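Chains as they are written, first to last, in the working numbering: chain A, 1 to 420; chain B, 1 to 225.
No lab work stands behind these hints, which were simulated from the structure alone. Some hints could be false.
Unchecked claim - Below 30 Å or equal to it, Euclidean Cα-Cα: the simulated DSSO-like pairs (lysine-lysine) are:
1) A:LYS230 - A:LYS245
2) A:LYS18 - B:LYS67
3) A:LYS204 - B:LYS139
4) B:LYS85 - A:LYS5
5) A:LYS5 - B:LYS189
6) A:LYS409 - B:LYS116
Claimed, not checked - Here's a subset of chain A near chain B, in silico, CB distances under 10 Å, partners left out:
7) LYS94
8) ASN96
9) THR324
Only a predicted model underlies this, so the values are computations on that prediction, with no experimental measurement involved. Glycine residues also receive a C-beta, built at the ideal position from the N, C-alpha and C atoms.
Each chain, written out:
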Amino acid sequence: MNQRKVLVTIAKTHLLSKIRQTATAALGVTFGIGAYITLVSFMTGLNKMLDDMILNQTPHVHIYNEIQPSEKQPIALYSEFENAMNVVHSVKPKQNQNRIHDALPMISHLKGDPNVLSALPQVRAQVFYVAGSIEMGGVVTGVNIMEEVEYFNFRDYIVAGKPEDLKNTNNGILLGIGIAETMSLKVGDRVQVTSTNGTVFPLKIVGFFQSGLADIDNSRSYTTIKTAQKLVEGAANYITDVNLKLKDISLAPTIARSIEQQFNLRAVDINEANAQFETGTTIRNLITYAVSITLLIVAGFGIYNILNMLIYEKMNDIAILKATGFSGSDVQWIFIMQALIIGIVGGILGLLIGIGLAHLIDGIPFETEALPTVTTYPVNHNPWYYAIGITFAIVSTFFAGYLPSLRAKRVDPVKIIRGQ
Amino acid sequence: MNSVLEARHIDKYFRKPVEFHVLKDINLAVKRGEFATVMGKSGCGKSTLLYILSTMDTDYNGELWLKGELVTGLESDRLSHIRNKYLGFVFQFHYLLSEFTVLENVMLPAKKLAVKTAEEIREDAMQKLRILEIDHLAKKRANRISGGEKQRVAIARALINDPIILMGDEPTGNLDSQNAENVFQIFKKLSDEQGLSLLIVTHDLDFAKRTDRIISMGDGKILVS
């Protein structure tokens, strides 16, 4: 124990006697780690924001009844033409209902599945929004608003009014902001909605929502399931879509496939719907790590260079330490310790700079149409990145110090002393 | 078991640039409390012999015994420990660590040995400095004192772990006659008062004449011992 202390003292004295070189080397590490923390916090914050924008609104599995032509045309069932080649021209989709057959028992079955966090029914109704003589096409979706708020962060996208108002108002509607702007509507106004059957419903506007995707904001509105069922003249079991939120998102494709088989419905999983998002995230992470590693390698070479010079300068010291009984590994330790001290001091300073810059960026105003709840640049303050940063600093400086220290270990004191 | 250090049939070759037989069958023993000098012309191999005896050079044939134990063939860490505990060195150049104070320089080998507490080591170091009459320099940085003083600090450092033998490679070679005389008196005193064994390589005949024994070397062999 005492022996180690001598080595530390020598290492410290060497560093302090060359304080300017030491500071330069440590600053290299500081900038490397500082840049890593800042970049990774900002990049992952951005990634998370972009992912949330899509993932929060997108169900993990979306189940609906797809209108499609029958795969087997009736002629195939006719045994007389079994071995003939049949050509059917102008195939039309089969007459089918929009709603999911026996939706309510299916929903309660899905809710019982241990992998499913929640199954939310929706009623989709094609409508026209009427303003004077102008009719705008759109979709009114009947939802269980409080569940949407709980599982799909719906509250974040409501820019005027409260989700509770929709629940508590009879014939209320939550209008897309694009529609509201086009039609110059305010909260509390009434909007005329015409269903496909031609019935006109006056609905009371309880608020506006903004999803950030213009197509949706210009056409979609939300109402309660009951109101939507009235619009389509459907019974209480008229449900057109079911959205699933899973406990583990990676199970989405498997569960979607099994639902398709079991219920003979179309089930779209989130990977299918948003394949491009994974790619963007991966590439941004790649850039972050490439830049940080480059910075740290540069810092590492700085340390390597300075230690090499130091060892050259301290050849006599090394020789006498060895002559008076310090072993090769003792000498090696002295120089590795110097590298580690540079790494730890530089790394901790880097973390502080990283924390500072990350908070600075976090405070810069960032207003975007797409995300009404975001007011400043997104930054992810994950303590893991700080742990990775300091580990990285220590590991890279260790390697930078290892090669020069090996040289110091192998110094032959006889050669140095006789060479004088 | 009377000899502290004994070399038996030591042969050494330099392989570069051409093979050269430096030491030829050297047999040598230094007795306890003996003050011996090695003399000889430049290139006769006396320094080479000293570095073999110091355990730093391990590339030789033959056997080296230190207080009755065979040292030849031991691992380098073990040899480091032996140098630390039993051997003291003084070279032509002082080899002090310039960023450290005189006291710290003297304490270093004892701290490495780590047998005594820091306080005891400090006491010991001060005592050694007092013997060499340089205790007033204890707090000074090693690069701020004169050449003669530096050599005395180097001797104090060599003595800190109470070695059984002190080796010197021309320890007075760089000093003026007055400082050289000082160093000789110190060695003499250590030999007479403390019974320390000394083995000093030197060119200085005046120095050698006043020691217990002169070992003359020539052409890689011991001529007179």
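Hints and how they fare:
1. For the hint pairing A:LYS230 with A:LYS245, the CA-to-CA distance comes to about 27 Å; that is within 30 Å, so the pair holds.
2. Taking the CA atoms of A:LYS18 and B:LYS67, the gap is about 43 Å. The hint is violated against a cut of 30 Å.
3. Restraint check: the Cα-Cα separation between A:LYS204 and B:LYS139 comes to about 90 Å, which exceeds 30 Å; the hinted pair is violated.
4. With a C-alpha separation of about 18 Å, the suggested pairing of B:LYS85 with A:LYS5 holds against the 30 Å cut-off.
5. At most 30 Å may separate the alpha-carbon atoms for a hinted pair to count; A:LYS5 and B:LYS189 exceed this at roughly 34 Å.
6. The suggested pairing of A:LYS409 with B:LYS116 holds, with an alpha-carbon distance near 26 Å, which does not exceed 30 Å.
7. Annotation: A:LYS94 was flagged as interfacial toward chain B, and the flag is violated, the nearest CB pair being 87 Å apart, outside 10 Å.
8. Given the 10 Å rule on beta carbons, the hint for A:ASN96 is violated: about 86 Å separates it from the nearest Cβ of chain B.
9. Below 10 Å, beta-carbon pairs count as interface contacts, and A:THR324 has one with chain B at about 4 Å; its hint therefore holds.
Hint compliance for this structure: hints 2, 3, 5, 7, 8 are not met, and every other hint is.
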